[in-house]
Amino acid sequence: MIELKKISKSFGRHRVLQDISLSVKTGEVVVILGPSGSGKTTLLRCVNYLEKPASGEIAVGDFKMDCAQAKRGDILRLRRKTAMVFQQYNLFRHKTALENVMEALLVVKKMPAAEARSRSVALLEKVGLGGKLDEYPSRLSGGQQQRVGIARALALEPEVILFDEPTSALDPELVGEVLEVIRDIAREGITMIVVTHEMGFARDVANRVVFMDGGVVVEEGTPDDVFQHPKEERTKQFLRRITPEANWVI
Amino acid sequence: MGAPFEIGYVFSFLPKLLETLGVTLLIVAGSLLTGIVAGFLVALPRMYKIPVLRTLSGLYLSFFRGTPILIQLFLFYYGLPELLKPLGFDLSRAPVLFFVILAYGLHTGAYAAEMIRASVEAVDRGQVEAAYASGMTSYQAFSRIVLPQALAIAVPVFSNLVIALLKDTSLAFTLGVMEMTGKAQTLGTLTQHFFETYIALALIYLVISFTLEKVLLAAEYRLKRHEVREEKVGRSFKLRRKGSYRAVLADIDAGKGGRL
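Residue numbers (my numbering), protein chains in the order written: chain A, 5 to 254; chain B, 252 to 511.
Treat each hint with caution, since some may be false.
Derived contacts from chain B toward chain A, CB cut-off under 8 angstroms, selection only [what the hints assert, rightly or not]: (1) 378; (2) 380; (3) 381; (4) 383; (5) 385; (6) 386; (7) 387; (8) 388; (9) 391; (10) 395; (11) 396; (12) 399; (13) 400; (14) 477; (15) 478.
Here are the computed lysine-lysine pairs in the DSS-like style, where the Cα-Cα straight-line distance is at most 25 angstroms [as the list claims (entries may be wrong)]: (16) A:29 / A:10; (17) A:75 / B:300; (18) A:85 / A:75; (19) A:85 / A:29; (20) A:56 / B:300; (21) A:56 / A:9.
Please keep in mind that the hints were generated in silico from the structure rather than gathered at the bench. Quick reminder that beta carbons are idealized off the backbone N, C-alpha and C, glycines included.
Full structure from sequences and hints, please.
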């Protein structure tokens with residue numbers, strides 16, 4: 005279970021996050037929506053401390069930390085309970101697909117090489133890349149790279165996987181294969197927080213949708229609530245802009 | 252203008268010059284080692300933007316890149332003992348090679364520092380984030396993710412640096428060091444066959460430079476074997492069949508609509 009309490013963050017004078025609280029139950033898939041600049045990616049990056057929150061509290065599983073006085077060891081522990089899938093994939097370019105997945109198992113989890121290898125191979129097969137184990141990222145398509153990224157996150161067996169716009173950098177025809185993989189692992193009950201612009205996907209997969217704007221949570225609820233019966237004017241406006249069919253739904 | 256040209260002298264000078272190759276290579280190796288250590292020390296405050304040290308690094312770079320190496324040699328040789336005398340260090344008996352290696356080392360350090368900084372900064376920041384996100388410490392992220400890629404990026408610059416250093420060591424004779432150029436001068440004066448000695452000398456420098464270049468090029472390809480495009484460039488002059496569109500397309504990134 006993930007619990008964020010009163011997370012605040014500013015870039016210079018601009019307050020990106022204003023006392024945001026969010027709790028995610030184990031096995032839950034939470035999708036964060038919002039216009040660009042709403043702070044959704046920043047919030048996600050605060051969960052594993054790629055952005056340092058100015059204040060607030062983060063709890064993941066049995067581990068809890070106060071952001072105002074975070075120590076290096078706390079940050080490391082927090083990061084070892086989470087995993088992230090990036091918009092730009094961020095694969096290690098000098099390592100093959102298999103090595104990318106194995107890397108943290110060997111270095112962070114100190115797993116024996118044979119065990120790390122067999123787990124990594126299994127995961128790559130699961131995301132449909134059993135035939136690309138020894139390819140370098142430069143020889144993989146965007147969709148394939150992102151699937152390696154997902155396998156890399158899964159390998160760590162984190163309490164939660166954070167998805168930061170996982171399909172935004174992909175060519176349209178490659179979006180489907182990546183969403184399919186994310187959908188599959190969502191069904192397995194892995195806890196996920198997803199920042200995305202894929203409305204159809206959010207509707208299908210999310211247990212809960214959080215709509216953010218201007219650094220605050222404007223509205224949250226089941227996909228049905230938020231998409232079909234949004235209460236807040238800002239949510240309605242956003243949905244009208246982003247999903248044309250929402251015009252006649254509302 | 253000395254004795255008339257005789258090609259035979261070129262060949263007879265070669266082995267005599269090669270006797271002093273060791274001294275030249277010693278200067279190169281010693282300076283490289285000093286230079287890389289100095290380079291790291293100078294690059295770190297600039298990469299991590301440490302206030303005062305960063306300014307000092309900047310001064311260091313300006314001095315060693317902004318003054319001729321010959322003058323740096325003289326400054327070290329004549330100046331250092333004077334500077335250190337009041338501090339209780341007596342360098343008057345230190346071997347000349349010590350000053351030579353120190354001067355070349357610190358000179359190389361300036362270029363090495365910029366090479367290190369540029370190479371580390373060229374590694375994509377996102378990969379470091381990915382390393383952190385998967386729980387690596389900053390040391391692990393640096394040594395496992397950044398360093399191997401930075402090395403590959405640094406090789407071409409390093410190659411230039413080594414070759415420039417090799418050629419620069421020819422100035423060490425001005426302080427009386429008997430390295431290859433010093434030896435050549437002595438041989439020339441002795442036999443009056445100046446042209447032949449310098450042909451022989453040039454040949455030796457050329458062969459060493461060429462070898463170094465090829466070895467480092469091979470190292471670069473090996474370190475960059477994960478990049479599709481670099482490999483292509485390497486073989487292109489053999490394999491490319493005319494300017495076929497297929498070959499051109501194959502070089503375009505998959506993400507930009509090229510070959511998948």
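Hints and how they fare:
no., hint, result
1, 378, "holds, 5 angstroms"
2, 380, "holds, 6 angstroms"
3, 381, "holds, 4 angstroms"
4, 383, "holds, 6 angstroms"
5, 385, "holds, 4 angstroms"
6, 386, "holds, 4 angstroms"
7, 387, "holds, 6 angstroms"
8, 388, "holds, 7 angstroms"
9, 391, "holds, 5 angstroms"
10, 395, "holds, 6 angstroms"
11, 396, "holds, 6 angstroms"
12, 399, "holds, 5 angstroms"
13, 400, "holds, 5 angstroms"
14, 477, "holds, 4 angstroms"
15, 478, "holds, 5 angstroms"
16, A:29 / A:10, "holds, 18 angstroms"
17, A:75 / B:300, "holds, 22 angstroms"
18, A:85 / A:75, "holds, 16 angstroms"
19, A:85 / A:29, "holds, 15 angstroms"
20, A:56 / B:300, "holds, 19 angstroms"
21, A:56 / A:9, "holds, 14 angstroms"
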